[in-house]
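Trainee: The residues making up each chain are set out below.
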Amino acid sequence: EPEVTQTPSHQVTQMGQEVILRCVPISNHLYFYWYRQILGQKVEFLVSFYNNEISEKSEIFDDQFSVERPDGSNFTLKIRSTKLEDSAMYFCASSDGISNQPQHFGDGTRLSIL
Amino acid sequence: DQQVKQNSPSLSVQEGRISILNCDYTNSMFDYFLWYKKYPAEGPTFLISISSIKDKNEDGRFTVFLNKSAKHLSLHIVPSQPGDSAVYFCAAQEGYGGSQGNLIFGKGTKLSVKP
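Going line by line, the protein sequences match chains A and B. 19 is the number that our numbering gives to position 19 of the first sequence; each next residue is one higher, with no gaps. 63 is the number that our numbering gives to position 63 of the second sequence; each next residue is one higher, with no gaps.
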């Protein structure tokens with residue numbers, strides 16, 4: 001069964017550094033998402049992306065964050081100047097945009113900011 | 001802001017019995033509801049969904065019930081198996097017209113099925 005893949009599985013970065021989290025969505029999917037889950041808290045929506053542009057973003061997704069689809073397969077989340085509170089699991093998801101079809105999630109990247 | 005609430009952080013059930021996981025929501029604009037299962041070190045895996053025009057959806061051992069007037073949904077697992085032990089997330093989405101909207105998640109319920 002096709003799946004969403006995310007790399008790396010664990011990223012450790014010094015505070016203030018930039019990180020790029022990578023995702024390969026399911027190949028025929030058109031909508032892409034990033035969510036995050038801080039330890040002990042809910043999974044929270046960050047951003048959705050369709051047709052090479054952001055379609056929706058949450059309050060969390062401020063100027064520190066950016067997303068890109070640099071080629072036909074990858075979808076990336078960049079966090080500039082990381083902060084301690086950016087430590088979380090980051091999940092990528094994709095969907096085909098058809099009514100009542102679910103979003104499918106990757107296994108996540110654990111981001112640890114030191 | 002708790003638009004989707006799962007009030008039971010954990011549930012323990014004997015193998016072969018029924019597991020009932022509950023979820024409440026506050027936003028009447030939600031039109032599509034999903035249950036995801038999550039094992040440690042894995043991402044959420046889609047389990048079953050229901051749109052607001054239905055009150056029940058069944059898939060094998062899993063049934064989701066939706067009570068729109070009470071803004072309540074539940075997931076029934078019958079019979080429960082040890083492999084069902086995981087964290088179960090309820091999620092909701094506005095807009096029946098497509099799956100491109102963002103999901104609002106509950107905090108999850110950890111289900112333990114004992115042999």
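Any given hint might turn out to be false.
[Said to hold, decoys possible] If you anchor each label on the Cβ, the simulated ranges turn out as follows:
no.	chain 1	residue 1	chain 2	residue 2	range
1	A	Asn51	B	Pro9	36 to 44 Å
2	A	Val12	B	Ser8	46 to 54 Å
3	A	Lys83	B	Gln3	25 to 33 Å
[What the hints assert, rightly or not] Some chain A residues judged to face chain B by a derived CB distance under 10 Å, without partners named:
no.	residue
4	Val47
5	Glu53
6	Phe65
7	Arg69
8	His104
9	Ser112
Hints were generated in silico from the structure; no laboratory data involved. For glycine and all other residues, C-beta sits at the position ideal for the given N, C-alpha and C.
Trainee: Holds or violated: is the Cβ of valine 47(A) closer than 10 Å to a Cβ in chain B?
Mentor: With a closest approach of 9 Å, the valine 47(A) hint holds.
Trainee: Tell me if serine 112(A) is really an interface residue toward chain B, meaning its C-beta lies closer than 10 Å to one of theirs.
Mentor: 15 Å, violated
Trainee: Measuring from beta carbon to beta carbon, are asparagine 51(A) and proline 9(B) in 36 to 44 Å?
Mentor: With Cβ atoms ~39 Å apart, the hint holds.
Trainee: Just to be sure I understand the hint, the distance between the Cβ atoms of lysine 83(A) and glutamine 3(B) should be within 25 to 33 Å; is that true here?
Mentor: Given about 26 Å between the Cβ atoms, the range holds.
Trainee: If you take the shortest Cβ to Cβ gap from arginine 69(A) to chain B, is it below 10 Å?
Mentor: This hint is violated: arginine 69(A) lies away from chain B, its Cβ roughly 15 Å from the closest one there, beyond 10 Å.
Trainee: Verify the interface restraint on phenylalanine 65(A): the C-beta must sit less than 10 Å from at least one C-beta of chain B.
Mentor: 15 Å, violated
Trainee: Regarding valine 12(A) and serine 8(B), is the given constraint of 46 to 54 Å on their beta-carbon distance met?
Mentor: Between valine 12(A) and serine 8(B), where Cβ atoms are some 34 Å apart, the hint is violated.
Trainee: Would you check whether histidine 104(A) satisfies its interface hint, that is, whether its CB is within less than 10 Å of any CB in chain B?
Mentor: 6 Å, holds
Trainee: Identify whether the interface hint at glutamate 53(A) stands, where standing means a beta carbon of chain B within less than 10 Å of its own.
Mentor: Hint on glutamate 53(A): violated, closest Cβ of chain B at ~13 Å, above 10 Å.
The structure fails to meet hints 2, 5, 6, 7, 9 from the earlier list, while all remaining hints are met.
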